[in-house]
Every structure is written in C-alpha cells, then in structure tokens.
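Peer 1: Spelled out, the chains give:
Number of protein chains: 4
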Amino acid sequence: MAFATTVRVRYADTDAMGVVYHANYLVWFEVGRNELMRSWEMPYVQFEEKGILVPVVEANIHWRFPARYDDLLRVEACLAELSPAKLKFAYRIVRDSDGKLLCDGFTLHGFMSREVRPMALPKAAPDLYEALMKKIEPRG
Amino acid sequence: MAFATTVRVRYADTDAMGVVYHANYLVWFEVGRNELMRSWEMPYVQFEEKGILVPVVEANIHWRFPARYDDLLRVEACLAELSPAKLKFAYRIVRDSDGKLLCDGFTLHGFMSREVRPMALPKAAPDLYEALMKKIEPRG
Amino acid sequence: MAFATTVRVRYADTDAMGVVYHANYLVWFEVGRNELMRSWEMPYVQFEEKGILVPVVEANIHWRFPARYDDLLRVEACLAELSPAKLKFAYRIVRDSDGKLLCDGFTLHGFMSREVRPMALPKAAPDLYEALMKKIEPRG
Amino acid sequence: MAFATTVRVRYADTDAMGVVYHANYLVWFEVGRNELMRSWEMPYVQFEEKGILVPVVEANIHWRFPARYDDLLRVEACLAELSPAKLKFAYRIVRDSDGKLLCDGFTLHGFMSREVRPMALPKAAPDLYEALMKKIEPRG
Numbered sequence: 009m010a011f012a013t014t015v016r017v018r019y020a021d022t023d024a025m026g027v028v029y030h031a032n033y034l035v036w037f038e039v040g041r042n043e044l045m046r047s048w049e050m051p052y053v054q055f056e057e058k059g060i061l062v063p064v065v066e067a068n069i070h071w072r073f074p075a076r077y078d079d080l081l082r083v084e085a086c087l088a089e090l091s092p093a094k095l096k097f098a099y100r101i102v103r104d105s106d107g108k109l110l111c112d113g114f115t116l117h118g119f120m121s122r123e124v125r126p127m128a129l130p131k132a133a134p135d136l137y138e139a140l141m142k143k144i145e146p147r148g
Numbered sequence: 009m010a011f012a013t014t015v016r017v018r019y020a021d022t023d024a025m026g027v028v029y030h031a032n033y034l035v036w037f038e039v040g041r042n043e044l045m046r047s048w049e050m051p052y053v054q055f056e057e058k059g060i061l062v063p064v065v066e067a068n069i070h071w072r073f074p075a076r077y078d079d080l081l082r083v084e085a086c087l088a089e090l091s092p093a094k095l096k097f098a099y100r101i102v103r104d105s106d107g108k109l110l111c112d113g114f115t116l117h118g119f120m121s122r123e124v125r126p127m128a129l130p131k132a133a134p135d136l137y138e139a140l141m142k143k144i145e146p147r148g
Numbered sequence: 009m010a011f012a013t014t015v016r017v018r019y020a021d022t023d024a025m026g027v028v029y030h031a032n033y034l035v036w037f038e039v040g041r042n043e044l045m046r047s048w049e050m051p052y053v054q055f056e057e058k059g060i061l062v063p064v065v066e067a068n069i070h071w072r073f074p075a076r077y078d079d080l081l082r083v084e085a086c087l088a089e090l091s092p093a094k095l096k097f098a099y100r101i102v103r104d105s106d107g108k109l110l111c112d113g114f115t116l117h118g119f120m121s122r123e124v125r126p127m128a129l130p131k132a133a134p135d136l137y138e139a140l141m142k143k144i145e146p147r148g
Numbered sequence: 009m010a011f012a013t014t015v016r017v018r019y020a021d022t023d024a025m026g027v028v029y030h031a032n033y034l035v036w037f038e039v040g041r042n043e044l045m046r047s048w049e050m051p052y053v054q055f056e057e058k059g060i061l062v063p064v065v066e067a068n069i070h071w072r073f074p075a076r077y078d079d080l081l082r083v084e085a086c087l088a089e090l091s092p093a094k095l096k097f098a099y100r101i102v103r104d105s106d107g108k109l110l111c112d113g114f115t116l117h118g119f120m121s122r123e124v125r126p127m128a129l130p131k132a133a134p135d136l137y138e139a140l141m142k143k144i145e146p147r148g
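Protein chains in written order, with this note's numbering: chain G, 9 to 148; chain L, 9 to 148; chain P, 9 to 148; chain H, 9 to 148.
One or more of the hints may lead you astray.
The list cannot tell twin chains apart, which means a pair is met if one copy fits it or any two copies do.
Said to hold, decoys possible - With a straight-line Cα cutoff of 27 Å, these simulated DSSO-like cross-link-like pairs (lysine-lysine) come out: (1) Lys108 - Lys142; (2) Lys94 - Lys108; (3) Lys108 - Lys96; (4) Lys108 - Lys131.
Treat the hints as calculated values from the structure; they're not laboratory data.
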C-alpha cells in the first residue's frame with residue numbers, strides 16, 4: 009500500500025497475555041484511514057461538516073502475530089473499493105523494526121445522513137465522490 | 009457506602025503487567041454513579057433530557073491493590089457533596105470474594121448547559137436539586 | 009442461540025456520533041464467550057491454568073444498527089465450530105427492549121501454548137476437548 | 009514544562025457528549041511520561057527489564073476544557089518529585105492550535121518488584137536513581 013502512518017503501543021493497549029488486546033487493531037485501522045484521508049487533503053471532518061457520516065458497517069480482521077508494549081507499528085491503509093453507497097478500506101499493520109505482518113483486514117463503510125439514513129455520495133457531494141474515485145488502489 | 013453494583017474484569021481491562029490497567033477504574037466509577045442514580049430513579053439520561061450535562065471536572069484516585077482478569081468487583085458509590093454548581097461522588101472498589109479494597113477516590117462534576125456553560129441546578133431543575141439533596145451521604 | 013448475557017452501554021463506550029464506537033462490540037463478544045464458557049462450568053481461566061491460551065486469530069463483524077448510551081443489550085453467544093487446532097464462536101447483539109438486532113459476527117481462535125505456539129487441544133487437554141465437543145451449536 | 013509530545017484525538021477517544029471521554033486523558037498522561045522517559049534515553053521498558061515495575065498508585069486530574077475529535081493535542085510532562093520509593097509526574101494537556109489548557113494533573117508511582125512488593129530504587133538500581141535525580145523539574 010502506498011500510505012502508512014505509525015503508532016506506538018501503549019500500556020493501555022496491552023492485556024494480561026502480555027500482548028496487544030485484539031480490539032485495539034480496529035482503533036488503529038481508524039487511525040490509518042483518518043491519516044490516509046488527511047494525506048489526500050480530504051480529512052474525515054470535512055465529510056461530517058457536509059452532513060455526511062461514514063460509519064463502519066462491516067469488518068474482517070486477521071491477527072497474524074502479536075504486537076507488544078512499546079513496539080512501533082506501521083499502519084498501512086488504502087481505499088480498496090468505492091460505490092455510490094459504500095467505500096472499503098484495506099489495512100496492514102506491520103512491526104516497524106522488521107516489517108513483520110501482525111494484522112490485516114478491511115472495513116466497509118456506508119454513507120449516511122445525520123439521521124443515519126443511507127445516502128448516495130454522488131448526489132450528496134459529487135466533488136467528494138469524484139475526488140475519492142481517483143484514490144482507489146484496488147490491489148492494496 | 010449504602011450502594012454497590014458489580015463488574016466482572018474483562019481481558020480488555022487488563023494490561024501487560026497482568027493486572028487491570030489503571031484508567032479503567034475511572035470507567036467503573038462511571039458505572040457506579042450511573043447505577044447509583046438509577047437506583048434513585050433519577051437516571052443520568054433524565055438530566056440530559058432536561059438539557060443538563062454533568063461532566064467530570066476533577067478526580068482523585070488511589071490504587072491500593074491490583075485487580076486481575078475475571079475478578080468480580082463490587083463498585084460502591086455515594087453522593088458525597090452537593091452545591092448549586094457542583095456535585096461530588098465518592099467510590100470504593102473492592103474485590104467481591106474477600107472484600108479487599110482495591111481502589112478508592114472521588115469525582116467532582118459541574119452542571120453544564122448543552123453549550124458547556126456552567127448552570128445553577130436549583131434554577132435549572134429545582135425538583136432534581138431537591139431530590140439530590142436528600143441523597144447526600146456525607147461520610148461515604 | 010441458547011445463551012445470552014447482558015451489558016449496559018457506558019458513556020465510555022460511545023463516541024461523538026452519539027452512538028457506540030464500533031470496536032466496543034468486539035469487547036462485548038469477549039464478554040459473551042466468557043460468560044458462555046462460565047455457564048458450561050469451563051471458565052476461560054481454567055484453560056489458562058492448564059497453559060492453554062486461546063487468542064483471537066480472525067473476526068468478522070456486521071454492524072446493523074447503532075446502540076446508544078444507557079441501552080441494555082443482550083449478548084448472545086454460541087460455539088459454532090471446533091477442530092483440534094481452532095474454535096469458532098458466533099454472536100448476536102440485540103437491544104433488550106425490543107429485540108432489534110444491532111450487530112452479529114464471529115471470532116475464530118487458535119489453541120496456543122504460553123510461548124504462542126499452536127497446539128492440538130485433544131492432545132493437550134482431552135477432557136476439555138471432549139467437553140467442548142458437546143457444546144457445539146452449529147446453526148447458532 | 010520542558011518536554012512535550014503530541015497526540016491526535018481519535019473517534020475512539022470521544023463520547024456521546026461530542027467531546028473526549030475523561031478517562032482517556034489518563035492514557036495520554038501515560039503517553040507523555042513514556043515519551044519523556046524515552047527522551048532521557050531511559051525508556052520505561054528498561055526499568056521492566058531490570059525487574060522494576062512502576063505502577064500508578066495515585067492520580068489527580070483537572071479537566072478544564074473539552075478536546076474534540078481530530079484535535080491535535082500537546083502533552084507536556086515532567087518529573088516533579090523523586091524519593092527512594094516513589095516518583096511523581098506532572099502533566100499539562102493543551103490544544104496545539106492555540107495553546108489552550110484542557111487538562112492538568114499528576115500521577116504518583118511506586119517502585120515495585122515483579123511480585124508487586126515495594127522496593128527502594130537506590131538499592132535496586134542506583135544508576136537509574138542517580139540519573140532520575142538529575143531530571144527533576146520541581147516547578148513543572
């Protein structure tokens with residue numbers, strides 16, 4: 009994937025197995041897509057300012073190898089798919105020191121109004137839809 | 009304290025020291041005061057429905073002894089102080105199996121409007137203020 | 009599913025969209041399988057005491073409808089599949105007041121030694137494997 | 009304070025009031041002291057490698073003004089006090105855009121063995137005690 013940001017594992021992220029608690033990878037996926045969108049100069053807050061929420065509707069996650077306290081991780085993210093109603097981000101989380109793959113997965117998001125009703129992005133914000141179309145990186 | 013509710017320690021709550029991560033006790037304080045208010049038939053949502061937010065403005069916490077995965081904990085909570093602008097809850101978290109004190113502390117809360125401006129509860133909701141006055145348990 | 013436990017949505021679980029932050033459903037999946045195993049009188053701690061860790065290796069989650077602060081949720085869980093190396097739990101999270109389905113999904117877990125090496129449960133703990141076999145609920 | 013690091017507010021950090029959930033500031037205090045110690049070339053992991061745990065035993069926190077989603081925050085941290093048995097960190101969390109103070113507080117930590125017994129740092133690791141002495145910044 010073309011984009012990456014880093015996170016440092018906090019004590020708060022770990023659990024009594026001595027490794028990172030699995031649900032935290034979903035939070036790092038959020039960090040990844042958020043920083044990816046900022047890198048496009050289309051930060052997620054810009055969607056919300058236009059009244060477009062983009063909640064997660066599905067996720068699939070594979071945990072390959074555990075991360076530990078104080079590890080520096082590289083969160084790779086890309087826009088894998090886009091349709092008028094949905095978009096899909098793919099992620100890879102690797103250990104920065106040696107590039108070992110720890111976790112990968114995707115999240116699928118719907119475009120929703122503030123009343124949490126589905127909306128068609130090309131109608132609601134054609135400029136954003138246009139711009140997103142150019143960011144698709146189909147093979148991750 | 010007169011009131012107690014229970015929580016079970018989740019893997020998510022623990023950290024790589026093998027014990028509960030310290031910040032989670034603040035979340036259990038929330039559970040304690042929330043269930044305390046429900047037991048009064050004055051659930052916190054009722055405040056919000058009247059446009060009164062009650063955010064935390066100060067906290068003090070002592071961690072005495074660690075809790076571990078799967079421990080059943082008793083969260084004791086009481087209303088320790090009340091003024092027109094603020095209220096203070098006190099807490100004790102003890103291990104249910106043997107009553108050992110694990111953590112105690114207090115949280116201080118301000119009455120705020122939706123615009124996060126301080127408000128005087130006796131003016132905004134005299135009935136709630138009246139009712140809260142009767143719930144003070146000064147010595148915990 | 010035959011088994012259910014309940015959780016109350018905490019302020020800590022919500023986010024600025026006014027609903028529950030998606031990653032917290034994974035934590036409630038943990039609560040569900042933990043209480044399911046306790047109901048079998050095979051609590052997860054018993055596995056760890058025998059040196060068997062059961063970390064999550066894959067998850068799939070569908071978020072159908074948002075939960076809100078103070079909602080009471082019913083977490084249904086069942087053992088969907090079992091093999092010598094892995095087990096799979098399925099979950100449904102529904103709003104207790106009206107039974108509305110909010111979230112469903114599964115988690116796949118591997119049997120691992122303390123050194124995080126895969127192990128065969130029938131060899132490591134034939135009694136636990138036997139007992140788990142009887143708990144499979146294939147259609148959820 | 010002489011040292012600062014930054015954190016970006018995640019959706020995961022916010023709550024249904026539209027602002028950051030209060031307990032997360034304790035996690036950012038952890039980030040602050042962790043990066044402070046790394047800046048000294050005395051990362052916290054180095055303590056653990058010598059068998060010295062440094063758990064939090066007390067905290068006091070004032071929440072002054074709310075942080076919001078996507079805010080960039082500056083976490084200032086310093087070593088405020090040191091004794092053979094304890095050390096105290098002080099913190100200030102300010103909004104990076106305008107320097108507004110959002111939260112301040114301290115955490116008090118004890119030096120403990122792996123068996124969670126108090127220990128005297130000058131005995132257990134005189135070099136670390138010596139080095140820490142030079143880092144005290146009494147007035148924050």
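Peer 1: Next, verify each hint and record whether it holds.
Peer 2: Status of each hint after checking the structure:
{"no.": "1", "hint": "Lys108 - Lys142", "result": "neither (30 Å within a copy, 38 Å between copies)"}
{"no.": "2", "hint": "Lys94 - Lys108", "result": "between (31 Å within a copy, 23 Å between copies)"}
{"no.": "3", "hint": "Lys108 - Lys96", "result": "both (24 Å within a copy, 26 Å between copies)"}
{"no.": "4", "hint": "Lys108 - Lys131", "result": "neither (42 Å within a copy, 30 Å between copies)"}
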